Amino acid sequence: MKLVLGVLTILLGLNSAWAEGKWTEESLLARFKHEPSVQQVQDKAIRYYQVHPDRIRDLRRNAQLKALIPTVSGEFSNSLTTALRKMHDGFYVGTLEFKEDERINGDRTGFRLQVSWVLDRLLFNAEVLDVQSLIGILDGVVREVTTVYYIRRRLQIDMLLRPPVDLATRISQRIRIEELTGLLDAMTGGYMTKSIGEAKKGGKPKG
Amino acid sequence: MLRVNSLLVVIIISVASVAWSQPSSQPTGPLTIAPSPPPPPSTTKTGSFAPGVYLEDITYTIRGAYPRALTVSKHNPQVAYVGSWEGYVWKTTDGGKTWDESRLIIEPRPFHGDSWQRLYFGTHRSSRSAWRPRHKGMGSIVPWPIAGSSKSSRGASAQRIDSSTGTRISTAYGPPGVRQRRRNGDHRHYNTIDPGAASRAGAGGNSNFGIGLPGGAPRLQMVVRKFGKPTSGLNIKQTLLLRGVRPTEVRLVVIHPNNPKIVFACTMFGLYMTYDGGLNWIRTFQGINPRGRQILHVAVDPQNEQRVFLGTGNGLYISTDGGNNYIKSTSQGVGEGYINWIYFNPTDSRYIIVGTGFGVLRSKDGGDSWDWIYFTTFPPARIVRGVVIDPFDKKTGYIATHDGLFYTPNILTGSLESWKRMGGLRFTGMEMSKIEVCPKHKGHIWALSNMSIASVKRRGLIQTGGAFIWETIDGGDSWKVIYAGNTQGSMQWFDIDPVDPDMLWITWSRSMMRMRRKKPGQGSTLTPAQEAKVLKAYNEDKFPTLSEVIFAAFRYIGIEPDMQLKYRRLSTLKALIPRVDISYTRLGFNDYPVLFDGLYPTLPFFGRAEVSGNLDEFRMMLSWDLSSLAFNLKTTMFGRVDRVSEEIRHYLRFNIHRFYPELKRLRFMMMMEPPEDLRIRVIYKLRIEELEHYVNFLTGGYLERYKKGDRPRGVDTPWFEPWASK
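Protein chains in written order, with this note's numbering: chain A, 1 to 207; chain B, 1001 to 1726.
Just so you know, the hints here were simulated from the structure itself, not pulled from any lab data. Everything numeric in this text was worked out from a predicted model, so none of it was measured. A hint or two may mislead.
What the simulated footprint calls covered on chain A by chain B, stretch by stretch (three residues with Cβ under 8 Å from a Cβ of chain B suffice, anywhere in the stretch; the number is not a length) [to be verified]:
no.	region
1	25-31
2	91-99
3	146-158
4	191-202
Ideal placement from N, C-alpha and C gives every residue a C-beta, glycine not left out.
Model the full assembly from the supplied sequences, consistent with the hints where possible.
Spelled out as structure tokens, the structure:
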């Protein structure tokens, strides 16, 4: 048994060396041409997270132009009034109950429209900086996606150049690649798997 | 050929037979030490004092995290593991040239969202200071949409109430905008967050935060999303994917002495193990309380691999089934407290030495009973971080404490009085984290020091950056610093190279290095013409400097200091711009006066009228808030403009500082001495591609433009728009 195992170990080691020997840099990297490029994955991820630079630019422009949009307020009022005026004659004191008694009923209807501009925001609006803080998320997303992408790629290259000798390790590594693919899918809305699937069917990965 | 193969098979089987043989049962009777051959004399040609020793940076293909502890495999000198502060474990199988990563994730972070689509995590920061819940059980941070902003200079307090007595146990104060709320009659108090407060979740550099923009009109946004249109705000669920998990500090990685595929990772949230050489990790021990979850050390009995000793913050745990299950030791001395280091005597594993937070204990019976062999009333000196026995005389013991180094001539039978200080007063008061003895040269010892001082800003100690690796070759009489790290950061750990034990693998907080010895005749493999070409490429601006790349990123994002000064200036001038209010009022009225004359009371009325009219008013009002000319909070050094800008700049600076130098080093290495191994060469090429993509992304393609001769330097570079070529 030990003899068989020893022979097997040698043969698999030789196989690994032979596996590495048949590859060149170009052929190795060309093997993954059907997969989306890192730029495509990055683009998908930042769009998925809604932090694409175009969007940030739009938000920033909106923040800058916010001052041109006024605050509009409207008011409608309706009031009913009653005024009573009783005038007493000082000349004829005690003879008359009142000289004049006037009752005025009225109603008032009005509307008001007010438009306000806070023009100092045209000069500078601090909310622009708040928009820019999205750079932190943008960078985090890009960095994470890029890192996971290349971890996955290195693992794929390892599987080709140094294929594991035992089944358990081989399965573990395949599971790990699937895990990393799943992570990329989670950050891109399934783009990675979908794109690889389409490429295998004959189409090119869509940007 | 067949004969050679048969010979190889025989050799392999022989070696395997030796390796696979069952460990002998534990010896009984008194300890006997076999005489060792005389060690080779120590000379100045060992260690870092030897000529031709250089440091090789092995920090390639690792994301920007902080390495913490490094362990080199004694089974295979090309294999090493590194744990990090953020829960990563990296493994190399090619001597440090490339690394593969895995991550130990513990649990989701506490996350809360409010109805305004702002996200909050466990720690909350305000415009004043970072506030962390100082006491456990303070209650969760529950959002409560309170209109308006808090005006208090100090936020509400969060109190911890004893649920049984209702008395207050402790109080912590939060930032402005954090209010108290009592929940449904529960006498515990909770902190809530006022969404209108000045505090904001900041940029992604502070990884404890979730980030969100105020998403007004959430119902409208839901309707918009149903039509498949994008809405303002983030993909909150996916943000959680990236930021909603909490990693843990991997403080030590220990490889099984007999099975290289079994590796232990000591973390602050339990013990992790892998059975497949680091591909998958599972938590096998999580303690019974928070202190018990802090795994400080793990050691496998060299003579019985089923016995595994675990040092935690809550005492010593022992496993008798290879690490699957643990039982807490109830022996006096090791039943409680921090067990920082466990050392099995390699020749007789009945003798076990543990370094604890209260001195050193020794067992002579495999861990059943313990004696104190080192103790002091001076608190720092009794915190023992490392224990090692001299491999030559197998009796001299060394310990690393928070008050320097100590040794005893006989650690196996000596007692309290036998300990002496090493290095004189050199290490007095210094925290020594590790001590290691060279197995090749007697008297060749290394020690890792750190320096902490009490902070005036917050409780506890802070690291001062005085972390070094010290070396002695005369048994501890004289010491030298052999490594002090680079710029920002501190020394974390080191380990001995199994092939050349005079050489070290070193972990610094930002990178990892290997001490190497130049082979005779080793030098540059480039011809003088090639060297000149490389130097020309370096000197002739083929690669921008680090500061240029950082500034390019600042300009691309629009947060360079010039822009910041401009923002501050504009903020001040805002006071001169009026607020304009224009209003139009139209009022209609109808009056019906009826007049009664007192002289003629019998008349139904004396006179009657009807009055109606309209009023149109047009009003324009200009108002200036001139007080901002005197003082505007936003423009101060601690104001919003500076704070947000500095936050983003810090984030960019850190990332570019981390990745761009690696990119340059890799490119020069590939120009000067590309690796012969195809796999490493391909991986390095991919890494160069990865780093270039990332740096270009942050700088708007600055590296690409630089290569083509476009050297944008103006301060008026529009944000996110291409620079004009000069």
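Subject >> Structure versus earlier hints - violations, ascending order >> reply: Those not satisfied come down to hint 4.
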